[in-house]
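Colleague: In order, the protein sequences belong to chains A and B. Per the numbering used here, the first sequence starts with residue 1, numbered consecutively. Per the numbering used here, the second sequence starts with residue 291, numbered consecutively.
Calculated from the structure, these hints are not laboratory results. Don't be surprised by glycine CBs; every beta carbon is placed ideally from N, CA and C. Misleading hints may appear alongside valid ones.
[What the hints assert, rightly or not] Chain A stretches covered by chain B per the calculated footprint, using a threshold of three residues with CB under 8 Å from any CB of chain B: (1) 45-57; (2) 271-281.
[Said to hold, decoys possible] Which bits of chain B does chain A cover? Going by a derived footprint, with three or more residues having C-beta under 8 Å, they are: (3) 336-345; (4) 363-372.
[As the list claims (entries may be wrong)] If you want the ones that stay clear, here's a sample from chain B, every Cβ over 10 Å from chain A, calculated: (5) Arg330; (6) Val331; (7) Ala357; (8) Val360.
Here are the chains, one letter per residue:
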Amino acid sequence: MRDSRTGWLLLSPTLIILLVFGFAPFLYVLFVGFNQWNIFSADDGLVFNGLDNFRRLVFDDDFLHSVGLTMRFAIFAIGSQIVLGFVLAQMLTRNFPGKSLFRVIHTLPLMVAPIAVGAIWRLLVIPGFGPAPFFLDRWFDLTYQIGTYPDQALWTSVIMDVWHWTPFVTLTMLAGLTAIPKEPVEQAKVDGANRFQVFWYVTLPFLRPVLLTTVFIRIMDAIRTVDEVWMLAGGGPGTRFTGIYIWRVVFPRTDYGYGSSISIITLYLTIVLCWLLFIAISGRRKGEVE
Amino acid sequence: MEKWKATPTPRPPTSIKREGELRSRAREGFLPFYTNAFDRVFISLVILIGIHLLWLRFMEPALPIEAATVISLVIGYYVVRRG
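Whole structure, please, built from the sequences with the hints as guidance.
Modeller: Structure (C-alpha cells):
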C-alpha cells in the first residue's frame, strides 16, 4: 500500500503536467468543435451548434481533397524513408572508408529546424533563382514550377521530407539492427538460408518493434506537417495538406469552431491509421499471446 | 543440400500461471486478433465516430442521425461483449 502511494506521489508532477497541458486542451478543442465561434461573426461568442461543424466538414471538398493529398504525401514519404533508412542503416553496420564522416553528413538534415528546411528548399526550387529549375530546364528541357504544377509541388514536398527525415529512420533502424543477436542470423546462414531468407525470417521479425515505433512517429509527423511545406510552397496547389487547411481556417478566417472540428477528425484519422498499422505489424493475431 | 525452411522464433519460457493470466486478459472473440476490454471499447468508439461521419455524408437526408447512434451503440455493445 505504501509502495503504491509513493509511486503515485512520484508520478503526480508528470501526471499533473500531462493533464494540464495535454488532456485539458484536448477537451477544450473537443468542446469548441461542437460550437460556432468566429470572432468576426455577428455573435462573436461560443454558440452551441451540435454536429453542424461536422456536417459541414463531410461536404467540404477542400478538406476532403486535403486529406487525400496528406495521405498521398504520407504514403510516399514514409515508404521512401523506411526503404532508404533501412538500406543506409544496413550500410552503416559495415565498415567502409569515411564512414564517420558519412554518418555526420547524413545526420545533418535532422538538426535543421523544419522552417529552415522549407527555406533552403524554397531557395533551391524558386523559378528564376533556384538551381533546380535552371538545371532541369537546361539538361532535360523540363519546366519546373512548383507554383504552377500541383504534382511538382507535391513531389517536391515528398523529396524534401525524405531528405529531412530519412536520417531519423536510419538512426532508429541502426539501433534496431545493432541490437539483433548474432546467433540466430549465423544459425540461419549455417542451415543454408539465403540473404533474402535471413532478412525476411530473422532480421525483419527482430526489427518489428523498431519499425512499428518509427512508422508511428513518422505518420504522426507527416499528417501534421505544416511549417516546412508552408515555407516551400506557401500552401499553393498540390501542398494544401490538412495541417495547412486547419491553419487557414483557424487563423486567416478565424473560424475556431470549424477549425477545432477538423482538428478532431484529423486526430481521429491519425489514431485509426496508427491502430490499423499496429494490428498489421505487431502480429497480435490469434494463435499468439503477446 | 536440404532446402532451408524457417522455423518459428522460440519464445521465452512463460509459466502456465502467467500464460493463463495473459490469455484471460487478451480475449479471443470474433475479431481477428486478441483484445482486452480497453481495445474493445476503443474499437467501438472508432466505429461510432466512423458511422456518424458516414451517416452525415450519405444517409442524413433519408434518416436522422439518431438512427446512426442506435446502430453504433448496438454494434459497440456487440464488439464489447463478443469481440
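Colleague: Okay, which hints does this one fail, numbers in order?
Modeller: 4
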